[in-house]
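Asks: In order, the protein sequences belong to chains X and Y.
Residue 68 in the numbering used here sits at position 68 of the first sequence; the count goes up by one each step and never skips.
For the numbering used here, add 657 to where a residue sits in the second sequence, where the first one is 1.
Please note that the accuracy of each hint is not assured.
[What the hints assert, rightly or not] Derived SDA-like pairs (lysine to any residue); straight-line CA-CA distance at most 20 Å: (1) K785(Y) / S638(X); (2) K693(Y) / E350(X); (3) K235(X) / H180(X); (4) K785(Y) / V476(X); (5) K785(Y) / H180(X); (6) K785(Y) / R535(X); (7) K195(X) / S120(X); (8) K281(X) / S120(X); (9) K532(X) / L660(Y); (10) K928(Y) / N752(Y); (11) K693(Y) / A349(X); (12) K785(Y) / M90(X); (13) K693(Y) / K532(X); (14) K785(Y) / K18(X); (15) K532(X) / Y794(Y); (16) K18(X) / M90(X); (17) K532(X) / P939(Y); (18) K693(Y) / E325(X).
[Unchecked claim] Taking beta-carbon pairs under 10 Å as the criterion, some of the chain Y residues facing chain X (in silico): (19) S668; (20) W680; (21) V718; (22) E784; (23) I792; (24) S811; (25) A814; (26) A845; (27) G921; (28) G951; (29) L954; (30) G957.
[Unchecked claim] The following label-pair restraints were derived from C-beta to C-beta distances: (31) F682(Y) / F576(X): 44 to 50 Å; (32) P162(X) / T925(Y): 49 to 55 Å; (33) W696(Y) / D341(X): 22 to 28 Å.
Just so you know, the hints here were simulated from the structure itself, not pulled from any lab data.
The beta-carbon is built from N, C-alpha and C at its ideal position, and this holds for glycine as well.
Now for the letters of each chain:
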Amino acid sequence: MEDSSAAEARLATVVRPKLLPEPSGDVFRRVVDDSWSWRLKHPEDDPPFLPVLAVAVLAAAHMARTEDWAAHNYYKPLREILRLAGSSGMPAGYDAAMQSLWGHLTWWLNDYQAGSLGLSSVPAHPSPAYIGYALSQALFRSSDRQRLTHFFLALDLAPREPIEAAELLTYFRGWSQRSHLSSGAREMARRDEYKEVLAGILTAEWNRWDGSLRDERGRRLGQIFITLDLYLRPKLAFVAERPRGFPTQATFDFEEAQGGVALTAASNDFYGELPLEVSAKTLDTGLRGQYEGFALGLTPSPVVPFRQHEALGCWASVRQLVPGEQHWVLVRDDHEAMVRDYLHEAALAEWREAQAIAPNGWTFFRDVVIDAAPHRVPNPALSRVVPSVTARPSLWGGLPVASNPEIYISGGEPDLWVPTTQVGETLPLAIDGQLVSTDFGGGRVALSGRGLPSGEHVVTVGPSRLRFQTADTIGVVNSRGSGALSHQLRLLDGRYWASSARGASETEPITPAATVQVVGISLLGARADLPKRARAPLLLPARASQYIVLGVVAGEIAQPQVPPESPRWVRRISPFSAGREFLPPFDVAWVLVAWRTGEWEARLRSDMEPRPCDPDTTKASTVRKWCRCFLELEPQMSPDARQLWSRYRAFAEELTL
Amino acid sequence: MFLEWLSERGSGRWPLFVAAHDWLFNAGRSQSEGIKATWTARTFSDLGHIEIDWQGQRWSVTPSILTVLPTAGARSLLTGGRTRTLMRRLDEETNESVTDNIVFDRHHQDEGPDAIFLVSRDETDIEKLASRLGINYDYSAADSLSVALPSLDSYLAVSEATPAPTGYEVQRFDAMSLRWSTAGGDVAPGLYAYEVYGPARQRFVTQSGMSHEVERAIGIYAELRRTSTQVLKWSADDVNGALIVPGQAPLPTLQARVATACSGLAATFSKSSSTRRYVNVPRVIAERIAASLGQTLDLGRVGQNAAANA
């Protein structure tokens, strides 16, 4: 392989003849003239000015390696490569030339080639001006661009989701410091002077992201999980995910396995277990397998949280500990003390070390539940076990009554979670425009209990704006989904049979014949299919001296005795009741209540007209009693009952004649 | 708040229930201190507020209903869904400026959501109130439901006889001690539980060797019947009585619902006796519950005397 300085020298020899002397006032005029000629006449050819741009990038790379990142420091290596004598500042004509040349390249990649060679990542308006074009390519390498897919996933973003460049930049600056980006990219993230270049790069990459994870070479990447199966004998293993489009069967090349690792899809989403041991070495170095354009990878980390994985049916490594859920945490021994201290401070009390599961040099902590953000910003090495929902502020929990948009019931507003370590700086926090904190350091903020009125709300955390709505009620007595499930019973030979042994199922809109549907305490079905019901109980006032219950049919009369006290168990239950129940043996027309004052009150229970009795089955004495009630009593009653009372009285008079 | 949310939401998937439940009840609590979502769901289901399709992993709230409680000092109960709109309208309809015939109050209970009891001048007031609110009314829900209780045999008849899960720890239910212990095999008649991932699965193997995949409570009572073990007691009170159920043998959903519909209150758990107690259960309803589970109700001496007097 050619020595890098020799290659650099050869590149310079290609470029130098095209440059004009500096006293001409425009060193790059010929290059720019040629570029216009190419663009207008022969854009099917490769851009002839690429070597010039390559030199510019090379100079930026030189600058990046020095301790001094001042912008003017870029021109010194540029002049050295091009052997331009004179001052150490910007070569004459450089500013306009770079604007033209990088612009031509962007046009060629994006418009002329329509992205077939890849889209341009050159920022439209770089900062620092002019050298920002080259810096964007030198410091932020191609591999860094591919790794941005990890960043977008860490933010829990979906392709084309609206997000501001400022927001991307804020969380990228935090994320980058614990990422596997190149040192140049990480340094760029640390320095304020490259904010705009970075924002441009992030926006460009974000706009082209298709939602897939990619490795540093741009291959689609499936993640390798560490799994922990606790059944019978605890066992650690590696399982690779199988993103959409990955082959069902393939032999992936792994450094750790000669002849490759043959993997077969165990489900739509996962391959079977990898035949590789989960050892201190594999955990330290990570894993990387490739097959054609596909890659599988495990990124090494000294602290790995695990959570129960529904699809895998066991515990599996996760990117981030989430609040309130149980985790196990696998820790390399050089981080063990730090993690232990952190768990003592932040985790709920039950965590403990799990013996004899982790490989040598590693320790497992089990039953780790961390519900609140730490009071102070912990060591960045602990970032994976600091509870966070995503790598940017997000809403968590709450009682949503509708989604798209998220509407929460008033009082059930979600919590706001702001990542602590990722940002590494404080941010202003405001709720509905009211400043809550000028220097919020991250963590959990309960939005409920703040008396937020129903309606739209905006939470602002630094550059992030989160919106949600609240509603006091959806405005109906019974919501649309109520009654959707029921227990189905079949009526067979007068008995009810369960239709399913597994609880409730979908309610039929029209209950089929010989079927009863139980919804809550209600029975739905045809009248003939429902159990025969007792008569409705009468509720009588308890503090009366006497009660007479009269039926529609002459002779139907009852004089219930009600207990003076209510049942013991209800005496402590509010509201107080002075009532008692009475189960009448006939259909009731009137309830007569004699108050202790001697007054009678008639309460109408049915608007049915009086009917004669069957003289063969009714005692004459009870008919006489029934008649005397209407003829002798003058009860108080509601005005609408008076007419019917009169007709009953007339009927009684006829009977007594 | 949780019942209000369930009522406003109406229905949903089980993970949504768990997420909302844990956010509301378990924030800041460890796993062992926390309230399990399944426990809450069963309590709400017993009280008739929700239905759960365990297999389909769904829940739905039940339509609101007013019912008169059996011999409960002329009290009625509001159960089912409880949207804020309903509660607001209930407030309005029972406001003293509108009527002095009905009052209602919330009764706090540790085991479940507040029970809402109403007291009215007479039963027609409750029926009219239900009509004005646009909700159901049933004057004898507990009685009707108790008549419709399906038998154990009917559950077994429709249960699937799927193959037993293999490779998992198997536990067997002991009807005498009402406890589970690790089993060497799962062929002999009895009730077995498999510690599979997700909800545990139970299989009941009959005397003739037929196996049935059943809900835990159904399986327990099938095994109690197979071994002729009687566990249900009824203790007479001044009016009705208390149905007493062993903590390790909880009633199946519909039976528990009938029992709670008698009072509107969730069963209270006694740590000292490890039993659940359902209050105000009329003897006839307790006997229907017992019969549906193949149990003979133990009336105790007091209960027998009360029954004789009745």
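Asks: It remains to establish, for every hint, whether it holds in the given structure.
Replies: Here is how each hint holds up against the structure:
no.	hint	verdict
1	K785(Y) / S638(X)	holds, 16 Å
2	K693(Y) / E350(X)	holds, 17 Å
3	K235(X) / H180(X)	violated, 29 Å
4	K785(Y) / V476(X)	holds, 19 Å
5	K785(Y) / H180(X)	violated, 70 Å
6	K785(Y) / R535(X)	holds, 17 Å
7	K195(X) / S120(X)	holds, 19 Å
8	K281(X) / S120(X)	violated, 39 Å
9	K532(X) / L660(Y)	violated, 32 Å
10	K928(Y) / N752(Y)	violated, 41 Å
11	K693(Y) / A349(X)	holds, 18 Å
12	K785(Y) / M90(X)	violated, 90 Å
13	K693(Y) / K532(X)	violated, 39 Å
14	K785(Y) / K18(X)	violated, 97 Å
15	K532(X) / Y794(Y)	holds, 17 Å
16	K18(X) / M90(X)	holds, 18 Å
17	K532(X) / P939(Y)	holds, 18 Å
18	K693(Y) / E325(X)	holds, 13 Å
19	S668	holds, 3 Å
20	W680	holds, 3 Å
21	V718	holds, 5 Å
22	E784	holds, 8 Å
23	I792	holds, 6 Å
24	S811	holds, 4 Å
25	A814	holds, 7 Å
26	A845	violated, 21 Å
27	G921	holds, 9 Å
28	G951	violated, 14 Å
29	L954	violated, 19 Å
30	G957	violated, 17 Å
31	F682(Y) / F576(X): 44 to 50 Å	violated, 32 Å
32	P162(X) / T925(Y): 49 to 55 Å	holds, 53 Å
33	W696(Y) / D341(X): 22 to 28 Å	violated, 35 Å
Hints 3, 5, 8, 9, 10, 12, 13, 14, 26, 28, 29, 30, 31 and 33 from the earlier list are contradicted by this structure; the remaining hints agree with it.
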